[in-house]
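Undergrad: Residue numbers (my numbering): -6 to 203.
No wet-lab data here; the hints were simulated from the structure.
Note that the Cβ used here is the ideal one computed from N, Cα and C, for glycine as well.
Where hints are given, some of them may not hold.
Derived CB-CB ranges, DEER-like [said to hold, decoys possible]:
hint	residue 1	residue 2	range
1	Arg187	Asn136	31 to 37 Å
2	Gly132	Gly58	21 to 27 Å
3	Arg179	Ser35	33 to 39 Å
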Amino acid sequence: GDVFIDVGANIGYYSFLAACRVGRQGQVHAFEPVPQYFQQLSNLTALNPGYRFIFNACALGEQQGIATVAVTSIPNIGWCTMVPDFMPPERVAYTVEVPVRRLDDYLAQQNLARIALVKIDVEGFEYPVLKGLEGFLAGTKPNERPMLLVELCPAAHRLLGHSCDELFAYLGRFGYRGYLAWNPRRPVEVGRMRPGITNVLFRSSSLQSL
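Construct the entire structure; sequences and hints are all you get.
TA: In structure tokens, the structure reads:
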């Protein structure tokens, strides 16, 4: 019966897993801006009748508008980014212009409640996505704020002019603390984070420990 938000859904692997967890009474809202992956993502509805999938062919960010996504030429189909110069030119297969909207606007429009988890995997664009959630977080009671599973790419943050410290401080305003995704009882020490990708589970201090 819960709601799962999949930001950077790609072809829908995590959307499918989430549907198994929330069941037929729950909802999965997925966002994927790259047309070729969105087409595959949309197949989940026909393959899983009775489950509530809501697919959105757009990206998420801090401001509504249009952005450029670089799609990779390497076999890793998840490697698509809106961070300028983050992907080496020799690995860019093509670029595509995509619509961008704020997640808090979307949640208000859909009148969603009982959001259990927001998963964000956007190859370095995670801070703008989280900034686009500010209205929702500010207007939600601490014990009703969802957990956030976020793939962090510190190298991309620098290209966008911010840092992991800023991201953690921003979420800290809403009572969130970061934990290692593979060890959700171990808090993340920002100053000791590895330079590569780290998956972090942000949990509100008002929620019970896992």
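Undergrad: None of the hints should be skipped; say for each whether it holds.
TA: Status of the hints after comparison with the structure:
For the pair Arg187 and Asn136, the beta carbons lie near 32 Å from each other, so the given range of 31 to 37 Å is met. The beta-carbon spacing between Gly132 and Gly58, approximately 23 Å, falls within the hinted interval of 21 to 27 Å. For the pair Arg179 and Ser35, the supplied restraint of 33 to 39 Å holds, since their beta-carbon distance comes to about 37 Å.
Against the hints set out earlier in the document, no violation occurs for any number.
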